[in-house]
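Visitor: Protein chains in written order, with the numbering used here: chain A, 1 to 477; chain B, 1 to 477.
These aren't lab readings, by the way, just hints derived from the structure by calculation.
Be careful, since some hints might not be right.
Since the list can't tell identical chains apart, any single copy or any two copies may satisfy a pair.
[Unchecked claim] Only pairs whose alpha carbons sit at most 30 Å apart, straight line, appear in this in silico DSSO-like list of lysine-lysine:
id, residue 1, residue 2
1, Lys417, Lys161
2, Lys161, Lys22
3, Lys134, Lys381
4, Lys22, Lys381
5, Lys161, Lys134
6, Lys161, Lys21
7, Lys161, Lys381
8, Lys381, Lys417
9, Lys22, Lys417
10, Lys134, Lys417
Okay, here's what each chain looks like letter by letter:
Protein chains: 2
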Amino acid sequence: MSIPKVKNTPWLAFSIDRSSKKPVFEQICEALRHSIVSGSLAEGATLPPTRVLATELGVSRSTTVTAYEQLVAEGYLQSRRGSGFQVCAVGEADLAVEPEAGGLQQDEELVKPPLPFEAGQPDMRLFPHRQWAKAVARVCRVSPQSMLMGGPAAGNFELRKAVAAHVAEWRGIEASPHQIIITAGSTDALDLCLRVLTQRGDGIGLEDPGYGPLRHFARFHGLEPSFLEIDEQGARLPEADVELRTVILTPSHQFPLGGAMSPSRRQEFISWARAAGAWVIEDDYDSEFRYAGRPIPAMAGFDRLHRVIYAGSFSKIFSNSLRLGYVIVPEPLLEQFRAVMARSGLRASYMPQQALAEFMHSGEFYRHLRRVRRTYGERRKFLLDRLTRDFSGAGWFRDHQAGMQTVLHLHSSLSDKDIARRAAALGVAVQPLSNASAGGGHNGLVLGYCAFSEEEMAPALDILQRCLEEAASAAGS
Amino acid sequence: MSIPKVKNTPWLAFSIDRSSKKPVFEQICEALRHSIVSGSLAEGATLPPTRVLATELGVSRSTTVTAYEQLVAEGYLQSRRGSGFQVCAVGEADLAVEPEAGGLQQDEELVKPPLPFEAGQPDMRLFPHRQWAKAVARVCRVSPQSMLMGGPAAGNFELRKAVAAHVAEWRGIEASPHQIIITAGSTDALDLCLRVLTQRGDGIGLEDPGYGPLRHFARFHGLEPSFLEIDEQGARLPEADVELRTVILTPSHQFPLGGAMSPSRRQEFISWARAAGAWVIEDDYDSEFRYAGRPIPAMAGFDRLHRVIYAGSFSKIFSNSLRLGYVIVPEPLLEQFRAVMARSGLRASYMPQQALAEFMHSGEFYRHLRRVRRTYGERRKFLLDRLTRDFSGAGWFRDHQAGMQTVLHLHSSLSDKDIARRAAALGVAVQPLSNASAGGGHNGLVLGYCAFSEEEMAPALDILQRCLEEAASAAGS
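Using the sequences plus the hints, can you model the full thing?
Guide: Here it is, written out as structure tokens:
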């Protein structure tokens, strides 16, 4: 026995397609919506009673009742007791726009590996994906709830304990897990700090040169940046006549110049903050990467969390894709941080937190950290050796034995933006130092080395060398 | 043979504790830092040669070299070729503040389950943690890299395909996965939209009553809110003399009043947006929860993504702790969205995305959604039955057969804030409707019912009933 494929129901001028996967009541809804929107069913028109329509369409009455009730809920129909269903006003009928041809997108965002010498990129090829997956799978087995059940807004307590142990050992900061708030990365950590500490129109001190996005970010918060120049000892203090309530510093490893702030300068900043009732936000973005000796203790440890708020991140050691960072908050500010968090809601995904805590406790995290530090150290040495050998004609660099990038300061006859443009055209990504500076006076190339093997850097350095030679001869001619 | 526990080395006045777990070179560093900061080693002082100190302390020379080099890196010492190591200036010595007594925190943030009738809370006890853990464990086994290797900034492509299928089926929106951007929850989705679409000082239309945090959020973006009152058809259009470039609407299920925007009002908004060159942001926060008929199609589907940007979330169906939401972007805006994302960086954690895509593809997601919808429907019915039976003296409600909360509108003799205060004192959380309104004129209680069993709601309703009676007699007296 064959069912006719399409049955026309001329009365309401629509058809039920019984071969369609779409439920019959949904087909009725669609047809009615279309008739109403196109105007073929006018405002105020009374629809056939459900029983009549059901007979007309050869469907059960409950199907037509469901369809009508759905359209009442959507506002296409109204139901008047005793007088059935009527069409509501629906406005202009210019909705029947055809969907755009669209089809395949030209601009598919392909997943591209970073180009040499993009800065701040860890090498995820070195990541112990299998061990991490094992840690996650263990959480799946042992405490699946911990991935999704909301814990404290400040984050999984095990992870906060692991962070407390980490910063005590690696950063010289004694903090209770209660002072630690897990955030969705370091930008989110800074966002939280600024929401707590600043008001629109406040001044804020930023290092110059510094991390470029920070300038936009501060302006987005309605803050007026004052730029703090960098000298031999690190960022300079704000001028006496500038009123600032916050400064953001990178004391362990200045971005992008490298180098640690001297203890005396740290002390001056802390004294200044005390006197001014101001706060120092320490952006400690990559200080686990030190290639000689121990990491330089954080300013927050030096100050014992009195006037310094510490912002750390897992993006560089672990992965940017995890979106996890943390803030360590001085006791007197805890209430204010909690109040802002209660308003703005949970920030970081809970899902990776328990696994990350176990990854840290088990030591896998530190095995990974030591392994990449060794590799990054070798890559750094390779880069600096090449710079010494082949680039001394173009400029100079200082070896700070730390971080994820180095700066090749260029002679004034060369323009960093010009070189960066030439290199980019040949697939080599170097950041002009001048872009990192608001005040100007800086001319150099920021070269990230962590994410690239020697085999990847070598040809990129050849290209860069050629760009510099061409630029020099263009300048000379 | 026994090692003496503490060996005094009077010359530099510090001791090496060989029983300590702290490495000897670190002990030397600490002692020297302390001597420098406290002033007992003055600026310019020359330190004993490494060989001499090594002999003094009974340690290897490499240990003292390591310690000195570390302190050079930290800026406490400087090394002059031929003249050894000297102390640098370190500023005032007021660092020796004792750590605060601290100890155990009084205010430990305990993990508390939500109180009845907190709104917008899913019941995570109903969540299929085991099935989710299985999906995650599968990713751990099959493609561990997908958890951490950065994919497109817009999110895991499999998840975006799953979202495209989801909104086609559930929300009536035809969108390509390329138009979908995964965000860190719905607030982040709105944040992204406002960054793209607005500039400081712009006007923005917000529903009144509406989601309270949105007002703060809009002001944080420097926007001037215009409030759109809600009538029978939904939010009203902005006054003709008010210039707005964006409005944020909840057309499928107005928050907090419930009820869907009528098709004619939707059409009016779309026509208005076209004429004004404005954009509608559709905040579709909980529309999968409809207890009769099919979900009401989204306004973005109605408009075919011409003037409507769609913001969805996994927080209500899945878990708030996952921090995942999404934006669906009209084609002509895609470039602008991508540009803003390139500046602000990755928003959502990659880690859950592949597992969530598989959870959706496998159908587990929808089994869960259907299961909770049934349970929430039963809880809703229980609550509304009790409201009808026992609360009609206090006010009235409308049954919109959708969402996660209902509003009990109170008679004007009762104050919603007063009732909420009385209930809160007895452990019952009801939100005053007046708090959700900027313009006032609303008096009611917002009652969330999804996260609470009938056994949990029953005593809370008894308490609420008592509060209303007491308030009524207090008002009468």
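Visitor: The structure should be examined with respect to each hint, and the outcome stated for every one.
Guide: So, going through the hints one by one against the coordinates:
1. Lys417 with Lys161: neither (45 Å within a copy, 40 Å between copies)
2. Lys161 with Lys22: Result: close only across copies, 20 Å inter versus 53 Å intra.
3. Lys134 with Lys381: neither (33 Å within a copy, 44 Å between copies)
4. Lys22 with Lys381: Classified as between: cross-chain Cα gap 29 Å, same-chain 64 Å, threshold 30 Å.
5. Lys161 with Lys134: Both. Shortest intra-copy (21 Å) and inter-copy (27 Å) distances satisfy the 30 Å Cα cut-off.
6. Lys161 with Lys21: The answer is between: 20 Å across copies meets 30 Å, while 53 Å in one copy does not.
7. Lys161 with Lys381: Intra 35 Å, inter 44 Å, cutoff 30 Å: neither.
8. Lys381 with Lys417: Close inside one copy (25 Å), not across copies (67 Å); limit 30 Å.
9. Lys22 with Lys417: Classified as neither: same-chain Cα gap 58 Å, cross-chain 47 Å, threshold 30 Å.
10. Lys134 with Lys417: Answer is neither; intra-copy 45 Å and inter-copy 51 Å both fail.
Hint compliance for this structure: hints 1, 3, 7, 9, 10 are not met, and every other hint is.
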